[in-house]
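J.: If you count the sequence shown from 1, position 16 lands on 15 in numbering that gives the first Met the number 0, and the numbers rise without skipping.
Mixed in with the good hints there might be a few duds.
Stated by the list, open to error - Straight-line C-alpha distance at most 25 Å; calculated DMTMM-like pairs for lysine to aspartate or glutamate: (1) Lys163 x Asp124; (2) Lys17 x Asp62; (3) Lys163 x Glu139; (4) Lys163 x Glu45.
What the hints assert, rightly or not - Estimated spans, in silico, between C-beta atoms of each pair: (5) Gly47 x Asp124: 18 to 26 Å; (6) Gly47 x Ala107: 34 to 42 Å; (7) Glu91 x Pro27: 15 to 23 Å; (8) Ala107 x Glu153: 18 to 26 Å; (9) Asp114 x Glu46: 23 to 31 Å; (10) Asp103 x Lys132: 28 to 36 Å; (11) Ser98 x Ala41: 36 to 44 Å; (12) Arg171 x Asn77: 15 to 23 Å.
Honestly, the hints are just simulated from the structure, not real lab data.
Being a predicted model, the structure only gives us computed values, none of them experimental.
Yeah, the Cβ is synthetic: ideal placement off N, Cα and C, and Gly gets one too.
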Amino acid sequence: MADKTGDIEQGLFAGGAKRVVRIAVRGPGNFALGPLLKQFAALAIEEGCRRLVLDLRECSAVDSTFLGVMAGLAGRMNRQGRAKVDVIRVSEKLRDTLSTLGLDRLMALHSSAPDDLAFLPEGTDGLQPLRPKPPPGRGETRLTMIEAHESLSELSEANARRFKDVLEFLRRDDASGAAGEGEA
0 MADKTGDIEQ
10 GLFAGGAKRV
20 VRIAVRGPGN
30 FALGPLLKQF
40 AALAIEEGCR
50 RLVLDLRECS
60 AVDSTFLGVM
70 AGLAGRMNRQ
80 GRAKVDVIRV
90 SEKLRDTLST
100 LGLDRLMALH
110 SSAPDDLAFL
120 PEGTDGLQPL
130 RPKPPPGRGE
140 TRLTMIEAHE
150 SLSELSEANA
160 RRFKDVLEFL
170 RRDDASGAAG
180 EGEA
């Protein structure tokens with residue numbers, strides 16, 4: 000789901016060894032990238048990843064769906080004891096947002112790469128662009144958005160109140176879309 004703006008490709012980029020996988024975001028981390036992040040991280044963990052590193056150095060903004068996908072991944076990984084999530088090169092503004100929503104309880108947040116990850120190149124250097132297989136349809140994107148906001152809502156009562164209307168809208172849209180998709 001990467002798109003080009005000028006000469007710089009935006010989207011998700013990944014690479015690394017089997018045990019440590021780095022995913023970098025270039026441009027906005029948004030609802031369109033949520034299904035791809037979820038799909039790739041699940042595959043990496045299935046293949047033995049023990050440490051998932053999200054590099055936000057080149058990330059220009061994040062939306063609640065992308066943050067909710069991050070929360071859902073970290074929550075599942077913590078419950079399964081299968082892998083650790085580190086978010087590196089996090090701006091102070093984004094750190095405040097992540098902490099306000101409670102994501103700092105699920106993953107380690109670092110303004111730079113911690114010493115044991117200092118070997119990682121910056122941004123998207125050495126990484127390959129990720130492409131969804133198959134590209135997510137409207138239904139999959141909507142389901143990812145619902146799951147993402149449910150994950151955020153589970154973190155705190157404040158989040159549940161904050162995302163209540165969003166979830167109601169998405170579920171209503173999901174129900175009306177499901178009815179419309181089956182009609183001829």
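J.: Taking 15 to 23 Å as the hint, is the beta-carbon distance of glutamate 91 and proline 27 inside that range?
T.: Given about 18 Å between the Cβ atoms, the range holds.
J.: Given the proposed pairing of lysine 163 with aspartate 124, does the C-alpha separation stay at or below 25 Å?
T.: 39 Å, violated
J.: If I claimed the Cβ atoms of serine 98 and alanine 41 lie 36 to 44 Å apart, would that claim hold in this structure?
T.: 26 Å, violated
J.: Range first: 18 to 26 Å. Now tell me if the beta carbons of glycine 47 and aspartate 124 are that far apart.
T.: 24 Å, holds
J.: Do alanine 107 and glutamate 153 keep their Cβ atoms within the hinted range of 18 to 26 Å?
T.: 20 Å, holds
J.: Measuring from beta carbon to beta carbon, are glycine 47 and alanine 107 in 34 to 42 Å?
T.: Hint violated: Cβ distance 20 Å, outside 34 to 42 Å.
J.: When you take the CB atoms of aspartate 114 and glutamate 46, is the distance between them in 23 to 31 Å?
T.: 26 Å, holds
J.: Can the restraint linking lysine 163 and glutamate 45 be considered satisfied, given a maximum Cα separation of 25 Å?
T.: 32 Å, violated
J.: Given the range 28 to 36 Å, decide if the beta-carbon distance of aspartate 103 to lysine 132 lies inside it.
T.: Roughly 32 Å apart at Cβ, these two residues keep to the hinted range, so it holds.
J.: Assuming the hint says 15 to 23 Å, is it satisfied by the Cβ distance from arginine 171 to asparagine 77 or not?
T.: 31 Å, violated
J.: Please verify whether lysine 17 and aspartate 62 have alpha carbons no more than 25 Å apart.
T.: Violated: lysine 17 and aspartate 62 sit about 29 Å apart, past 25 Å.
J.: Need the status of pair lysine 163, glutamate 139: alpha-carbon distance at most 25 Å?
T.: Holds, at about 20 Å.
Figure legend: structure checked against the earlier numbered hints; hints not met, in rising order: 1, 2, 4, 6, 11, 12.
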